[in-house]
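Following the hints, put chain B in place on chain A, whose structure we already have.
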Amino acid sequence: GAVVSQHPSWVICKSGTSVKIECRSLDFQATTMFWYRQFPKQSLMLMATSNEGSKATYEQGVEKDKFLINHASLTLSTLTVTSAHPEDSSFYICSAGPYSTDTQYFGPGTRLTVL
Amino acid sequence: GQQVMQIPQYQHVQEGEDFTTYCNSSTTLSNIQWYKQRPGGHPVFLIQLVKSGEVKKQKRLTFQFGEAKKNSSLHITATQTTDVGTYFCAGPRSNTGKLIFGQGTTLQVKP
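Residue numbers (the numbering used here), protein chains in the order written: chain A, 1 to 115; chain B, 1001 to 1111.
One chain only, chain A, in its complex shape (with noise of 0.2 Å):
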């Protein structure tokens, strides 16, 4: 059980471009899902708490009108990235979790080049 996917699981686009990457909870319902942008051989930098049937909360530093967060279903967060640019570029991961202990379970993530 808990499993997390993730749409696409690479996306390559132009610079200026938009890019949505879609999250969903399988088999349980969330209400909420978290955001995470991974650089190479560094952490998870959580970017967001994407609620569902209300606003996303950011994080310091995190640009919401860059990142626009939409939880309309129990089950589906979308991220999309607007107006990409190549600094943009990196791997997005959600998770999401079924229980009230915090365990999260991550979604396989997003590769994201943006050219």
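Distance condition first, Cα-Cα at most 27 Å in a straight line; then the derived BS3-like pairs of lysine-lysine:
id, chain 1, residue 1, chain 2, residue 2
1, B, Lys1057, B, Lys1070
2, B, Lys1098, A, Lys41
3, B, Lys1036, A, Lys41
4, B, Lys1098, A, Lys55
5, A, Lys41, B, Lys1110
6, A, Lys55, A, Lys20
7, A, Lys55, A, Lys66
8, B, Lys1070, B, Lys1051
Output of the computed footprint for chain B on chain A, the stretches with three or more beta carbons under 8 Å from beta carbons of chain B:
id, region
9, 41–54
10, 105–114
Hints were generated in silico from the structure; no laboratory data involved.
Quick caveat, the model's predicted, so the values are computed rather than measured.
Just so it is clear, CB atoms sit at the ideal spot from N, CA and C, and this is done for glycine as well.
Just chain B now, with coordinates in the frame of chain A:
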């Protein structure tokens, strides 16, 4: 702010040797979690420790939670090449449900 520190950053061992990574939090944690990330992969949940002084084992992996609930360790006995990856500890940020991750320890195992 609340921080979770992890050492060492890298560890190279010969197959069959033991390995330990240490995790220290600046604050008392309600629980500590450990994740493993294989090269090119995503973090996979290994275990959660909740009680002070708790010790849990998963085959060759032994996890400990300190008495003060501020530190933890992961020990691997007789490493194998399948143990290669980065091990992260993570603790909940106070009253938020969010996780703060350590920097991770990357383990390389020479066959």
